[in-house]
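Undergrad: One-letter residues, chain by chain:
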Amino acid sequence: MVTLVSYIVVSAALLGIGIYGLSVKRNAIRILFAVEIIVNAANINFAAFSRYLNPPQVSGQVIVFYSIAASAMEAAVGLALILLAFRLNNSIDVREMDKLKG
Amino acid sequence: MEVALAVPPDIVFIILATITLLAAILALQAKELIYGAIGLGISFIGIAGFFILLDAPYLAMLQIAIYVGAVVVLILFTIMLVRREVGEEVIEKGERGEGAAGLWIAGLLAVSIAGVAALAGPNLASTPPPGQLPVSALGPVLVTEYPVPLVILALLLSAALLGALMLAKVER
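Going down the list, the sequences are from chains A and B.
Heads up: take any position in the first sequence, counting from 1, add 15, and you land on our numbering.
Heads up: take any position in the second sequence, counting from 1, add 1400, and you land on our numbering.
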């Protein structure tokens, strides 16, 4: 039986995978992957809660709509930043991006 | 629109969850970055499947058009542009200790959230209420209840577009 809890469990697992990538990976593009996975985990929760409310509410879907648009532009700006960092540093290893350190 | 499923939704849910989670792990753990990007795309398609299960076909369409169609393609182009270094993935040096720590943090977080949800289970709705939302319900709410966020989103999109152009532009 698929309940609201099943969706929350899947979304929590995706969040865990994303947090792992965010905290362990050194490659800037992989960190972007992790951020996208976390955003998607949140989106599943919004859609699931809006469906399981009684009566079903459309507001959750509206929030997912905004969230998808916002994370698309976050990916665009993030990738532009990665390209710039690669051009300046010749590396996209985030542990080597320490030029601002005094 | 009611889509008649030949298989029960439970099995569809389990298959979708397996595909989504395995593809997400592949996205982070694949040796080649480009396979990681493909794994990310598969994971996004799985999430679009969840949206269809949740009676939100418009969101599924949006997910596939924007995430799979735009974001993953953008990521693939970026990987090709920075390929010289990342083609043979930088061996993620010094990852061992951090890997264990990251696994602990992520595992504890995920298990605690899932545990709280499971404990609160009886208070949460177990079956979806019958009333199904038509796709056309989304439009009026978007422009009557949330018009200001819509306009802000449009401004933000143009600002992000200009910002990305400015950042990626090659100075001559």
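To be clear, the hints were calculated from the coordinates, so they are not data collected in a lab.
Among the hints, a few may not be true.
A short, non-exhaustive set of chain A residues, derived as facing chain B with CB atoms under 7 Å [stated by the list, open to error]:
hint, residue
1, 23
2, 53
3, 57
4, 67
5, 100
Cut-off 30 Å, straight-line C-alpha distance, at most; resulting in silico cross-link-like pairs (DSS-like, lysine-lysine) [claimed, not checked]:
hint, chain 1, residue 1, chain 2, residue 2
6, A, 114, B, 1431
7, A, 116, B, 1569
8, A, 114, B, 1569
Note that the Cβ used here is the ideal one computed from N, Cα and C, for glycine as well.
Undergrad: Check each numbered hint against the structure and report the violated ones by number, ascending.
TA: 2, 3, 5
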